[in-house]
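Student: Got chain A sorted already, so can you dock chain B onto it with the hints?
For the protein sequence lines, the chains are A and B, in the order given. The numbering used here puts the first residue of the first sequence at -9, with every later residue one more than the last. The numbering used here puts the first residue of the second sequence at 7, with every later residue one more than the last.
Everything labelled a hint here was simulated from the structure, so no lab data went into it. These numbers come from a predicted model, not from an experiment. Glycine is no exception: its CB is placed at the ideal position from the N, C-alpha and C atoms. Take the hints with a grain of salt, since some may be wrong.
[What the hints assert, rightly or not] Here are the computed distance ranges between Cβ atoms for each label pair: (1) B/Ser92 to A/Arg230: 22 to 30 angstroms; (2) A/Val107 to B/Gly26: 56 to 64 angstroms; (3) A/Leu143 to B/Ser8: 34 to 42 angstroms; (4) A/Ala128 to B/Gly13: 53 to 61 angstroms; (5) A/Thr156 to B/Asp242: 21 to 29 angstroms.
[To be verified] Partner residues are not named here, just some residues of chain B that face chain A (Cβ under 10 angstroms, in silico): (6) Leu57; (7) Ala81; (8) Asp95; (9) Pro109; (10) His110.
Chain residues, written in single-letter form:
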Amino acid sequence: MIVLRAGRFSARVGRRALTVTVVLAVLAVALAFTGLARGATWSPPGEVLAALTGRGDQVLVITQWRLPRVVAALVFGAALALGGAVLQHLTRNPLGSPDVLGLDAGAYTGALLVLTVAGGSATHLTVAPLAGGVLTAAVVYLLSLRSGLDRMLLVVVGIATHAVLTAVNQWLVLRAELEVAMAAGSWSTGSLNGLDWADVRLPFLVIGVLAGLLAVLSGAMRQAGLGDELAVTTGVRLGRLRVLALLAGVGATATVTAICGPIVFVALAAPHIARRLARADGEALLPAALTGAVLLLGADLVAQSLFAPVALPVGVVTTAVGGAYLLWLLVKEVRRS
Amino acid sequence: MSLSARGLTLAYGSRVVASGLDLEVPEGAFTAIVGPNACGKSTLLRALVRLLAPAEGSVVLDGRDLAGWRTRAVAHTLGFLPQGLSAPDSITAGQLVARGRYPHQSLLSSWSAGDEAVVAETMELAGVAELADRPVRELSGGQRQRVWVAMVLAQQTRYLLLDEPTTFLDITHQFQLLRLLRRLREQGRTVVAVLHDLNQACRFADHLVAMRDGQVVAEGAPADVVDAELVGAVFDLDCVVVPDPVAGTPMIVPAAG
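One chain only, chain B, in its complex shape:
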């Protein structure tokens, strides 16, 4: 069981976003990918779930090139939450979460007792069980995002990859979601998330991947890799790194100005 990228060159048409990228996703850990805007972190995530075919190199899942996997088998193994989601008109939260069961269903069996149990369980886990009959359109941003996460959870994949899941949420809901991701990791899933907030990444992730201009600049446990020098190198930001007063993880405090 492994997910890794080897010598990856990623491009949209002729525009190369990343080249010669290597990455090993640690099993059963929460990996956060951080970096400035347009550093290629979302593109990397898309390549890891095969939404983007690498121009060179390969993504290897369980020892086999991801390109050779069947679409349904990928959907059984890798769950992905993209950005900019929009739910179909008049869908309820329960119906949306049920859509996560699609890769496990067939023409004849489209709503088994097992499907029903998994949907109920994941909605409970994501804290959205009481919203099941509410139209998704009427939910708040934080509730809606947790419903989408529940949908991907219902896919029952070993890997969970999320592209900036906390963007557009207020700070309470950001933490609620990050705690949920940590809980999922504790239950044995491997979580990979692109995060914007470096302090949150340090606090919740076991493994940090810092990217800039399509290259991995540093990776490792946040406490080992995050210092003022790294933040300067990755974000061009003058800062002081102090221990987070609550969690003890590195906390970035921008310098004067």
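With the rest of the complex left out, here is chain A:
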């Protein structure tokens, strides 16, 4: 444990969590550098650094084409991981992450409805998935309320909702016209292809605000890990905490989904990996966010390189890895119980 005190400020950080955070941050920077250098031909490191400071002849390629994608992978990966960490915390279940509970599927339903029924434009395509995700979360949450929040029920209701929405989505695609179905299909895989600064400015702002909110809530969330009763009797306003955390988690997930389509696995796996690495005594939000950033950027680099020059949507890579991870997790959970 490392204790920090200055004036009225005081805090305590676990040595291991700190080490893990620093290592993950270094890894993220290294991957980002790789992402910036990677192209049809590799740019030498000196050239990347020069371009970042506005010099050299690759400025346009590196700062306008590659940088938005790399930063988006980091920020969106962190946002997905935070969404996963928050929902796993609220459900107290490692399977209770947004991608498993059908929030991504709900966001996709929103997008499909706009594409097929309303013939919507790109701006609609930001709002509709957001509304779809939030609405799905609200329905799942309300269906799981008994006298209090029934957590196991929430996971079951979420998985069922996911199945229903997937069926609805398929039906919507089947009855759509060919071009619409193709557009919907490309959105459904989850991709960072073709993102530029104009696309990501607003999502970055939203995610920044939500991450700030979660930073403020993190202490109460940690305390809530003691169980509902002790959380309340030690001063946590549990009802308010749950609503705010849920909003922040769902908001972060839906924002990413609205821009990129559903990117699964990061929300499920990043919090687990971070918890294991940091061995923290509660939800390790910062390590989880960094793990998510590293995972998504890493997956995107793989997606771009695997069949180069054809760039796969990153969702294909995360789905493949995530399927295997989910299987392993289910087997482990079943063995444990």
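Tutor: Chain B alone, transformed into the frame defined by chain A:
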């Protein structure tokens, strides 16, 4: 400074557990609440710490209705140890006790020198100081329960309410914990505990509250209220009450059979 319940009706949904309940918690004393299973004693405790809102009546703390208190102010005044606790994964005893400081911390000040001193002091008091760096999962039941008590102590509340703190402990650890509670009372805290063992309650408590079917059947000093008639009325048990050979407090010996 007072904690009392007035005309309390407690219910889970439509199931009424207790009605018209009055109770005055004596200041600076060790109060034991006893009674058969499902008599409403745990429910009463939950209402006293505002985990359950009364359907009718009110809990009054320091002259004000508890319902109107701020959550943090309640946490500064009433410490509660529930049943069925489970510690977060990979938390150490020291970290768990530190969680008791939560109501005294803020966003900017989450581990002050004062927090550190209180945690060290309460761990010493609860006899778990040497366990500080051990993971809670690896501790024995008795050690773990004392760590949880230390956590609630670190909250530095005037009142300490515990729901069956000795359940699942062996007899040595039961007595260790009860002695700790008595020591806390001697230091000026008001202790309220739901206890299962009537003999232990008589031996350690200053004030006994006997409940049955959501009603207070008798209350007072154990020596004044506990006799064969009361035990029969509360527990439906045929017994003889004799003086405890060590402490002189009432001791219940079940009749033949």
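Student: All hints, please: hold or fail.
Tutor: Here's how the hints hold up against the structure:
For B/Ser92 and A/Arg230, the Cβ-Cβ distance of about 24 angstroms falls inside the hinted range of 22 to 30 angstroms, so the restraint holds. A/Val107 and B/Gly26 have their C-beta atoms about 59 angstroms apart, which keeps the hinted 56 to 64 angstroms range intact. For the pair A/Leu143 and B/Ser8, the beta carbons lie near 41 angstroms from each other, so the given range of 34 to 42 angstroms is met. Distance hint check for A/Ala128 and B/Gly13: the Cβ-Cβ separation is about 39 angstroms, which falls outside the suggested range of 53 to 61 angstroms.
The hinted window of 21 to 29 angstroms between A/Thr156 and B/Asp242 is violated, with their beta carbons roughly 58 angstroms apart. For B/Leu57, the interface hint holds, the least distance from its beta-carbon to any beta-carbon of chain A being 6 angstroms, beneath 10 angstroms. Because the beta carbon of B/Ala81 sits about 3 angstroms from the nearest beta carbon in chain A, less than 10 angstroms, this interface hint is met. Hint on B/Asp95 holds. Least Cβ distance to chain A is approximately 8 angstroms, under the 10 angstroms limit.
Look at B/Pro109: its Cβ gets to within about 4 angstroms of chain A, closer than 10 angstroms, so that hint holds up. Using the Cβ-Cβ criterion of 10 angstroms, the hint placing B/His110 at the interface with chain A is satisfied: the shortest such distance is roughly 9 angstroms.
This entry does not satisfy hints 4 and 5, going by the numbered hints stated previously.
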